[in-house]
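*Asks:* Please model the entire structure based on the sequences and the hints provided.
There are 2 protein chains.
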Amino acid sequence: MAELRRDPIVGRWVIVDTDNPSKPEDFEHETSLFRSGVCPFCYGNEAMTPPEIESIRDPNTAPNTPGWQVRVVPNKFPALRIEGDLERQGIGIYDMSNGVGAHEVLIETPYHSKDIPDLLDHEIEDYLAVCCRRALDLIKDKRLKYILLFKNYGPSAGASLEHPHTQLIALPLVPKNPAEELKGAQDYFEYRERCIFCDMVRQEMQEKERIIQENKQFVSFCPYVSRFPFEIWIMPKKHNSYFCRMQPQEFPDLALILKDTITRVKKLFGNLSYNFLMHSAPIANDDGVEYYHWHIEFMPKLTRVAGFEWGTGFYLVPTPPELAAKYLREVQL
Amino acid sequence: MAELRRDPIVGRWVIVDTDNPSKPEDFEHETSLFRSGVCPFCYGNEAMTPPEIESIRDPNTAPNTPGWQVRVVPNKFPALRIEGDLERQGIGIYDMSNGVGAHEVLIETPYHSKDIPDLLDHEIEDYLAVCCRRALDLIKDKRLKYILLFKNYGPSAGASLEHPHTQLIALPLVPKNPAEELKGAQDYFEYRERCIFCDMVRQEMQEKERIIQENKQFVSFCPYVSRFPFEIWIMPKKHNSYFCRMQPQEFPDLALILKDTITRVKKLFGNLSYNFLMHSAPIANDDGVEYYHWHIEFMPKLTRVAGFEWGTGFYLVPTPPELAAKYLREVQL
Chain D
1 MAELRRDPIV GRWVIVDTDN PSKPEDFEHE TSLFRSGVCP FCYGNEAMTP
51 PEIESIRDPN TAPNTPGWQV RVVPNKFPAL RIEGDLERQG IGIYDMSNGV
101 GAHEVLIETP YHSKDIPDLL DHEIEDYLAV CCRRALDLIK DKRLKYILLF
151 KNYGPSAGAS LEHPHTQLIA LPLVPKNPAE ELKGAQDYFE YRERCIFCDM
201 VRQEMQEKER IIQENKQFVS FCPYVSRFPF EIWIMPKKHN SYFCRMQPQE
251 FPDLALILKD TITRVKKLFG NLSYNFLMHS APIANDDGVE YYHWHIEFMP
301 KLTRVAGFEW GTGFYLVPTP PELAAKYLRE VQL
Chain X
1 MAELRRDPIV GRWVIVDTDN PSKPEDFEHE TSLFRSGVCP FCYGNEAMTP
51 PEIESIRDPN TAPNTPGWQV RVVPNKFPAL RIEGDLERQG IGIYDMSNGV
101 GAHEVLIETP YHSKDIPDLL DHEIEDYLAV CCRRALDLIK DKRLKYILLF
151 KNYGPSAGAS LEHPHTQLIA LPLVPKNPAE ELKGAQDYFE YRERCIFCDM
201 VRQEMQEKER IIQENKQFVS FCPYVSRFPF EIWIMPKKHN SYFCRMQPQE
251 FPDLALILKD TITRVKKLFG NLSYNFLMHS APIANDDGVE YYHWHIEFMP
301 KLTRVAGFEW GTGFYLVPTP PELAAKYLRE VQL
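Chains as they are written, first to last, in this note's numbering: chain D, 1 to 333; chain X, 1 to 333.
Warning: the hint list may mix true and false statements.
Identical copies go unnamed one by one, so any copy, or any two together, can satisfy a pair.
Calculated lysine to aspartate or glutamate pairs in the EDC-like style (CA-CA distance at most 16 Å, straight line) [unchecked claim]: (1) 76 to 19; (2) 259 to 290; (3) 76 to 17; (4) 216 to 115; (5) 208 to 330; (6) 216 to 286; (7) 23 to 207.
If you're looking for bench data, these hints aren't it; they were derived computationally from the structure.
*Replies:* Structure, rendered in structure tokens:
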């Protein structure tokens, strides 16, 4: 019989198929081959993007020329623009506002066909450090309230460009999904005086069956209330609200576990599409809150969201996370 | 500049690209060709499904044989099963329950390649009447709290079988998405003493620019706060909480506007994938609530949900609904 599971943070239910669980080979998913052609993110095509905001590059090279390793540029077709103040108005029963915010692109590598598993460890550390630096820079803008870093990889994940890149969006308000997550975490803290994410790490490390990998500072696991088959969360073991306030000594461990995660997924499913998101507390000039704990949510695109999910907010999960974690642990690296 | 719009019911924000709106030909979407092969929903293959629950058929034919026009069967791989009572338990910080509920399939037509636009008007009325009858039957089961009718059409919409069919799921609780919609509608009613959906119909019919079609009892429009390009809502003009308590004289008008909607979308985009959902109030033995108004939400699959949407709950809408409605109105039928 199917098992219903309820997420303790936002109250989301999922239906886990424990009767006829799907094996990795049961999923019909897209695997991409890298195409050639002109790519604006490739080495030598720097003039095809807006001027760079920041880069890690050979000090003997000029901005917007080759010689870089990580490069940050404004999104050429931004969802939001940095100019102006937020102005809200009513339109009958509706509300409208102008689109203030930032929308940047972090080009992870000059190589079109190198994803995170193909990079050297120190290159991944540099990429993570640039992600943090961009967030720390935008935090200074008093109009901005929330920063989201996310990666869409492959067409099924919504990537419009093939060259591996991460996006940063800074918003003038805390959007609905993080607001719900924060509220749920705060309610739990008020009731128990403990961080729900710290409790989750503790329970997962005790039960072990959903753990994929751990190192000194991070742990990766398939969450008990996964929404998607082979969903993976990467969480710092030590409580910290903000992704961007990570300590420099944490970068090597995060780089290792992120590389390990994507490598395992790609060994199982080939070059499939995926999204990952850095969940972090909203912008504030403080040392963080006791109730919120930053983490990465990684979602391989193996299934499609359909009418049932749209209509209910429930998710149908064909592979129990316990089994997914087992498959991922057993990957030969 | 992009325009941010806020949904007055659930507080969802969308970012509408009013600067560089996408035209219908700008979307890269899948269009399916019907395949041949053995289909369990086709005429003559009745033995390939579980025994039928209900059907509209020639009275001289036996159940589970040819001679039917609409046929309802249990889902062969149900997400939930009808046996047993709901039993919840805690697993550390998590909650678990068994999966009680109903999962039925309504086969809309015996013809593999006939979608709603290809049916006769009275055939669509019969299909709608069967949808209502199944809901009215399941309402009697005291364990069930919410019924969702939805259609996944085409692979991008999550359909695993090609033959046109609608699904019914009955749940032992009111799930997150409808609960939020109900709460928002109730809050609005408490503040204004008016139904927000009645107000929406009134405003749309006054402003006209998002209306696609109307008849005596129904109106179709692209909602001001669309989440998806070319999203369409079909709403009864007269207040009524429950889809399944529609009056028989409403079926012909609903059949006409549903056929008109899908025909227009398919003229613009070919045989693309889509989802639609019947949003209705939860099960109750009453005449309905003042604050909730049933309606259909129709979503053509032209874009993919990506990291930004997952991370924020915001949606990026490349075609403003005003423009989408104009394209849909101008379709030559």
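*Asks:* For this structure, which hints from the list above don't hold up?
*Replies:* As far as the earlier hints go, 2, 4, 6 and 7 are violated by this structure, in ascending order.
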